[in-house]
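Engineer: Sequence:
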Amino acid sequence: MDKVVSNILAIVFIAVVSTTTISEARTVKNGVLNAKQENIVTIAAFTANGDLQRLKTALGDGLDAGLTINEIKEVLVQMYAYAGFPRSLNGINTFIGLLEERERKGIKDILGKEPGAMPASKGSIELGTEIQTRLIGAPATGKYITFTPAIDAFLKGHLFGDIFGRDNLDFQSRELATISALACIEGVNPQLQAHFNVGLNTGLTEVQLRSLVAVLDAKVGKKQAAHADEALGNVLGNRQAGQENDITRSGSLSSSQGSTGYFKPLQHSNNRGKDITMSTNNLSQSVIFPVGEKLASKNFNGTVWLNMLTPSGSALPIGNVTFEPGCRNNWHMHAGGQVLLVTGGRGYYQEWGKPAQELHAGDVVNIPANVKHWHGAAKDSWFVHLAIEVDPEKGPATWLEPVSDEDYTSLK
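Under the numbering used here, the first residue of the sequence shown is numbered 470, with each subsequent residue one higher.
In case anyone wonders, no lab produced these hints; they're calculated from the structure.
Please note: incorrect hints may appear among the correct ones.
Restraint ranges, calculated between C-beta atoms of paired labels, are given here [stated by the list, open to error]: (1) 875 x 636: 47 to 55 Å; (2) 869 x 592: 41 to 49 Å; (3) 539 x 709: 35 to 43 Å; (4) 534 x 636: 16 to 24 Å; (5) 869 x 590: 30 to 38 Å; (6) 618 x 576: 23 to 31 Å; (7) 874 x 619: 55 to 63 Å; (8) 709 x 573: 46 to 54 Å; (9) 658 x 576: 35 to 43 Å; (10) 504 x 585: 24 to 32 Å; (11) 660 x 555: 17 to 25 Å; (12) 555 x 576: 27 to 35 Å; (13) 580 x 879: 55 to 63 Å; (14) 675 x 569: 50 to 58 Å.
The C-beta atom is built at its ideal place from N, Cα and C for all residues, glycine as well.
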């Protein structure tokens, strides 16, 4: 198998692992932040800006709202990576003093879960690299990695391995804390926007992040809230344009290689030996997986082939789906979410109320749970993707009305 195909398979593997891990962190329902989450926001903010008096109040409110001692300790420890050791230590000492006061008053706070042991088979850098890749949706890139390899090692090994790898505070809570802290620090807007993106990648919703901004506005400061609101607005605008998150653009393999290279457009056999002839336009068919059998379903408006790559009842169902030109599925939703890995041709993905986004080989679509959407081929191109169902135990897909011909024909 040639090197490029091997790389694609590696991407598929990473995406599958990333999807299952991040989906496990989706512990909150859509809606505003709950009381525990709101107090994570204020605890992180006041630790980062050094307002210890208001931090003491926030710590007490957090305990009263149900945060455990160990959950709060995790937030305070994590803060040193963003606000520095002095403010983290000041926050910890403030917490110690508060706990002593509450104990004298006869208040018994819940200690909570201790962090589990780190994987014996992985070092901090290996674990941290995996976590970082899951959270940002792709391996980290940037000139800083080659210019200062030490900082890359510290980020991967210490921040993401040693800190984020501690399992007694989930990723969503850690991102709420990080975003809140960065909103209170001047001159870190690139990092603030990056962590808003990561927060969305963990399953936090736009409503929840706007709720975070509202908490900053009401309890921390107007300036900090405005800072966060501007950054969130930029992130949401970029994501709606297909630049971040929902669709990770790896680029069409055809254009990056300058030939049809890894997609053969003429004759292919399915796993029953039947030939399927495909147009030479747009690199119609991936050679990685057989096309499978023609799918008879009223939920598609044309001909589609399905080859399930994992057994029926698998904990992570994966299917190779091939659409003929012009074929698309109906609007539908997945109870646990879905990931699409585009391997050939040209097609579209659209969420309800948002513009359709064009897809090419190498694009990755992360579809949140219960989001109404459709996907399918362009009018003049075959389209092939892997469909990975997330959390299938939450129930089957909910199929809805067809995509209107008027809406579809308006696409380029």
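Engineer: Determine for every hint whether it applies to the structure shown.
Structural biologist: Hint check:
1. 875 x 636: 47 to 55 Å: 50 Å, holds
2. 869 x 592: 41 to 49 Å: 47 Å, holds
3. 539 x 709: 35 to 43 Å: At roughly 38 Å between Cβ atoms, residue 709 and residue 539 fall inside 35 to 43 Å, so the hint holds.
4. 534 x 636: 16 to 24 Å: 22 Å, holds
5. 869 x 590: 30 to 38 Å: Since the Cβ atoms of residue 869 and residue 590 sit about 44 Å apart, the hinted range of 30 to 38 Å is violated.
6. 618 x 576: 23 to 31 Å: 48 Å, violated
7. 874 x 619: 55 to 63 Å: 58 Å, holds
8. 709 x 573: 46 to 54 Å: 52 Å, holds
9. 658 x 576: 35 to 43 Å: Holds: the Cβ-Cβ distance is about 40 Å, inside 35 to 43 Å.
10. 504 x 585: 24 to 32 Å: Check passed, 26 Å falls within 24 to 32 Å.
11. 660 x 555: 17 to 25 Å: The hint (17 to 25 Å, Cβ to Cβ) holds, given that residue 660 and residue 555 are roughly 19 Å apart.
12. 555 x 576: 27 to 35 Å: 29 Å, holds
13. 580 x 879: 55 to 63 Å: For residue 580 and residue 879 the Cβ distance comes to about 59 Å; the hint holds.
14. 675 x 569: 50 to 58 Å: Distance hint for residue 675, residue 569 is violated at roughly 40 Å.
When the structure is compared with the earlier hints, violations turn up for hints 5, 6, 14 and for no others.
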